[in-house]
Every structure is written in C-alpha cells, then in structure tokens.
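J.: Sequence:
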Amino acid sequence: MTATESCYHCGQPVPGGAEFSVNIARQSRAMCCRGCQAVAQAIVDNGLGEYYFNRTALPGQGHEILPDELKKLALYDHPDIQRSFVIDSGVNQREAVLILEGITCAACVWLNERHLKQLPGVNSVQVNYANHRARIAWDSREISLSRILQEIQLLGYNAHPYSALQADALRQSRRKKDLQRLAIAGIGAAQTMMLSVGLYAGNWDGIAPTTVVLLRWFGLLLTLPVVTFSAMPFYRAAWSGIKSRHLNMDVPVALAIITAFIGSVWVTLFGGAHVYYDSIGMFTLFLLGTRLLEAGARGRSIESAENLLKLQPTMAIRLRAGLQEYVPVLDLLRGDSILAKPGETIAADGTVAEGMSTVDEALLTGEPRPVLKKPGDSVIAGSINLEGPLTLTVTGVGENTVLAGIVRMVDKAQAEKPHIATLADRTAAWFTLALLVFTAVVGLAWLFIDRTQVLDIVLAVLVVTCPCALSLAVPAALAAAGSHLIKRGILVTRGHALETLARVNHVVFDKTGTLTQGKPAVTDVIVLADLTAAQCDVLAACLEQASEHPLAAAFKGRVSGSDLPAVQAARNHPGQGVSGVVEGQTYSLGNQDFSPASRILAENYSTRYPSATLVWLCDATRALAVFVLEDPLRDDARQTIATLRARGIAISILSGDNETTVRHVGAALGVSNLHWQQKPQDKLAALQVIQRNGAIVAMVGDGINDAPVLAAAQVSFAMAAGTNVANQSSDIVLLSNRLGDVPQALETGRDTLGVMRQNLFWAVAYNVIALPFAALGYISPWLAALGMSISSMVVVLNALRLR
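Here my numbering is used: position 420 in the sequence shown is 431, and no number is missing along the way.
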C-alpha cells in the first residue's frame, strides 16, 4: 500500500503501512483509518454497497468518535435539552427534525434513510434533499436520540436539531452561492458576447487570422469559470440522474454545455469555422436566472411558515414567588407563569390567568383585527400583546407550540407530490429520452447534408427543447398557491389537496363548532317579573359562578366578576341546575323541571324557541326570567353557503345534534340535505353514500368525532380551533377559523389547476413548435438558449399570478 493511495470511503490519503481495508464489490478497498473501515463495513454488511457507485461527491471522514464527542451527543438525551426540539407523538414515541450536514447528492439521502431505517426502534426516516432536513420518529424504549446521531456521524455526516434561524442561514448561504454562480455566468456571457460581435463583424468586413485566434483564446479564458463553476450544479444533477437511471432535464443541459465547450476548444486549438463561447455563457446565465426565480417561488410557502417561528422571542419574564426574572424561553416548563407586557411578543403558547388585552394574531390567522383575550382564553407564541399586561400559564414551548406544528405540517405537505406533478415528472423523463434520441438522429442526418453545420444544429436542438419549462410547470404553480393560501391563514397539509380542490362539487359541513360557534350564548332574556334584564343577568351569573357546567360560561361572561354579590348555600343539582341564597332571598336557575314555577309556563316558550335551550330564573314562588341560549351561527356562515351554492356546489350538513336543532340551522342557511343524531360511524356511512353517487366531497369539521369522516373525504378542512385529532386527519387547516376561506380555497384550487394546465400546454406547445426550426437549422445555439429561458420564465411568471 503506497502513501499516495486514496481512501475508498472519504478520499483522504492512506498512510503508508496502513492495513485498513474492506471488501467492496468483491475487491479489497483501502481505508485511511479504523473509522472509515467501520463505516464502510457497516454499509456493506447492511446491503448498502450501491452507495459507492451512486454517490457524486465524497462524505466526511469516518474517524472513530472520541469519548468527548460521545458525551456531547449524550446530552441530546436529556429531557430538558429535548424539550426545545423533540415532540411526544405517542406513548414512548418521539419525533424530531434534524438538519444533516454533508448531504451532497441523492445517494447521500438514500444511504442515510436506508441505514437509519434498519436500526431497531426507528419507526420512520424522511430526508428532504432540497433543504437537507430529516424527520425521524423513534421508540424511546428501544433506541436513544444520541445513538441515532452517532450512527449518522459514523456514516460521515453531522446532524443537529433543526432551527428556523439555522435553516434560514443555510438557505441564505445557498442563495449566496447561486447568486455567485449567476454573477460569474453574467460576466462571462457579457464579455464573450462582445468578443463574438467582433468575430461576426469580421466575417463580413474582414479580420486578421491572428486577431481571430486571439479573440477565441480570450473567449476560452472567459468561459472557463462559467463551465467549471457556474454550470457545476447541472453536471452533478445530470450525473446523479444517469446513475439512478432517471434522465432528468439536466442531462441535455450538461450535454449541450460540455459538447459546445469541447467543440469550441477544439476549434480554438486546431482551427475551424465557429466557436460557441457566447452561447455557453448565455445558456448558463438564462438557465441559472430562471432556476433562481423558480427557487424563490418554491421556497416562499416554506419560508412563510418558518418566518412565524422567528417571531418567537428568545427571552421571557417568568413569575415565581411574586418575583419577575428574565429566563431563556427554552427554560420554560409547562405550567410556568409568565408576564407579557403591552407591545411585547408572547413567548410561548399559554392560557390567560390574569388580565385582559387585545392580541394581534394576523401573521398566523390572516385576520387583521386584534382579538380580545380574557382569563381562560388561549394565546399563541409569536402573537403580539397590544394593550394591557397579561399573566399567562405556559402550555407549550419549542416544538410543542402551535407555530412549530404548522411548520411540521407544511414540511410534510411539501414532501408529498400530487398526481399531476408525478405525471409531469414522468413525462419530462420520457421527453428527455426522446429528445436525446431525436438529437442523435438529426446529427446523423446533417452529417450527410452539411457536415459543417452538425454541431450548430445539435446544440440548438439540445438547448431549445430542454424540458425545463415542463418540469417547472407544476412545482411553480403549487409553490405560488401554497404561499398565497398560508398568508390568508389557510394551511395546506397534504400534497394532493390543491389538485383535488379544483374538482370538488359537494361540500359537507359539521354543525356544532363549524357552522356554529360551538359556544352556547344567551341570545334573549325574557323578563317575567318586576326586575330589569341587567338585574336578572347579575343573579344568574352569581348563581353560576361556582359551577363548572358548559352553560355556566354563557352567564358569567355577561357580567363582570367584581359586580357579583356574595352567594350563600350555593348548591349544584346535576341534570337540573343550581340554587343559592343571594341577599337573603333563595333563587334557582335551571331547566323547566327544576322549579314548580317554571313548569307552568314552559310549554308556551318551548314552542316559541324550538331549537334553543331555555334556562329559568326563579325565586321561591315565581319565575323571574327566561334565558334563551343558542349556539349562534358563525358570522360568515350564510355568506359562505350562498357563495358555494352560487357556484353550483351541493351542500349537506351532518350533525350529532337533535332533529329540531339541525332543521332550524338548515332552514336558516337554506340547506335541505340534513342528517341529524349522527354518530361517527353514521357520518362516515352518509359520506360514503354521497361519494358513491359520484360526488367529489370536501368535508369541513372540527371535533374528534369528525376525524373518521375528515380522513375519508377526498379533501377535508378542519377549523384551527378544533381538536388536534381533527387537524391531523384533515388536508387543510383554517387557521383563521373563517368559513369564508372554504370557497376561497376551492377557487384557489381551481385557479391552480388552470395555471398548471396552461403551463403544461405552453411547455409542450413551445417544444413542438421550436423543435422543427432547430432541426432545420433556422435557430442558432444562442437564440435557442434565449428561447428556452423565455419559455421557463413564462411558466414561472404565470404561476406567480396566483396571489
């Protein structure tokens, strides 16, 4: 073994006399150290040897992990450390998002996923090549997070917890690199084009041969950085596609650049008619510019969600024993009390313990109006306290906040491709193969027609029909639509949702908490004695102040607690109501059977308010007042139903409530297809009947009993105020809790599908029209580059109309 030999795993020089080696593909391969030997042996033993033949770049070195490094990794197993980035997804089930450093190609993604999935206790691994983000789920009884990190490090990669700020830094770093490539290509293209003007003019007016040679050499020097630096991403992607036997759109791009450069160098060295340095620069410049524009559009939906995480402050004011102390947000625990001063950003999810103020949640919900928060209301990390101080009880920090959950759902949606996107990818792959075959045929034909034009025409065909626009047609539209929706407070959590929305012709609504507000409220007070309505409100709130019944909040919210007189002998009567002594007088508040005084009048009022709950306030001898409680419709329910009906969409209501109440809501909204007293299995059966009749159904719900039917619908909406189970079962979450966003989402879905079809039509039509002209020699290579880039830009700009 010589000192100049390279390690087969990491490419480092192998020290003289070293004896480290591994049998890979039945050949002994030299290793530089015991760490690389262990990594390579683990890869081979797990049947992952194909990694060495598919990778396009070398990983980091695999030196043995030192004890100090193991101690550092072990810190990630500490509950206090994990609190900031690990979520509990079930009993002993953990999930975390990590950033992987050292990912250079698709083979790196394949290696990490395959290796980690084989570890006992690892439930799932998903590595996103675009952002180098890995989502890993594991059973904490079988494997620790430090062991997972250690295995990643043994493979030659580094992993650390995902942070929105770190992700943004990586994104900015990649964008900076892209801009550098674009700048080099721009400078090279501009200078070589100036030289080409001299060469073209010389062909008309005459030019000295020595000057031609000199200009060509200058063109070579100016094009060299473009070919070796700016165009490098095309080579890597093309090589990866060839290795994986998937011809992507970078294969003809790389072939065109390499062929043009080699041909130009040959002419520069040995003489000939044409050089193509200007075409190489223009082609690379246009393509890099188009992809930078597309990457910006694609990244907006992710950045829109990640930017929310950046709003969370790093410090919070914690209250302990009456004292205030500034602590890092990550040190907060569930149940801690924190203070949010006016004008400050709220540091963690929580509930209001003391105080009353308005809070700006516009960046989360899209609702521009501040929301009033009072004791018992929930607040979200990242929202802004506008008026008074609030004392909050912490309910979620780090990965357990609402904002972190939104980012996880967006990330999951980005990983899923709708059917039309998959179809476009397959079409682009076959189109690329057909293009390469056609180019070869055209080249052979021109060998017999005019040998001097072969290279010109082959380059023009490769460039003008590059399937960039075809591959960008769907992703650009999806990215633009996703960014538009999340700004309105509509969070798409499944990749297929936008495509399915365009075909919806039937919308099914749950009633309670969806069409209605889900909170009973006093809609009318009928006074039956010599009291005012305000006095009746005070008496009712006084009797209910110690009650935990859901209806109690409707009474207590109508009167300030400081105005309530003391109550003695307060008693709760399950199934009937409450009673007590107020200022020496005995009162009761309950249903019609609770007090003899209310039974006499109950029948008349029950007929007048068939869908309402009637609560009677009585003293020892008479009925004093009747409170009419109803679950009011959402403010935008009528307008939403009217908008959907105007678009020819059928409406149904599935509810677990009684017939009278459901019929009342249906009549108020103009909906006749009603189903009442529906259990979860009944709702599912009713939905399946609608689907069997040929309907494409969108289900809108909020409760845990809606989870099965949400999952069964072709596309589903969940109100953000609903349960976590409903949100996890749905395809779209309405963060704003506005029903009016349902028709808005349907319209955006239709617009998105329309833009996708327009983009695909344009991409195919452009290639079909341009191909004959290029094959017949009517389009020069630089003009082909311009046409290809314009085609791609049209696709991206058309997608950006989705706003």
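Think of the hints as simulated: they come from the structure by calculation, not from any bench. One should not assume that every hint holds.
List of simulated lysine to aspartate or glutamate pairs, DMTMM-like, C-alpha gap at most 20 Å [to be verified]:
hint: 1; residue 1: 128; residue 2: 150
hint: 2; residue 1: 690; residue 2: 668
hint: 3; residue 1: 690; residue 2: 670
hint: 4; residue 1: 187; residue 2: 153
hint: 5; residue 1: 385; residue 2: 355
J.: Take the hints in turn and mark each one as holding or not.
T.: Outcome of the hint check:
1. 128 - 150: Given pair residue 128, residue 150 holds - Cα atoms ~12 Å apart, limit 20 Å.
2. 690 - 668: holds, 10 Å
3. 690 - 670: holds, 14 Å
4. 187 - 153: violated, 42 Å
5. 385 - 355: Between residue 385 and residue 355 the Cα gap is close to 17 Å, so the pair holds against 20 Å.
Hint violations for this structure: number 4 only, all remaining hints satisfied.
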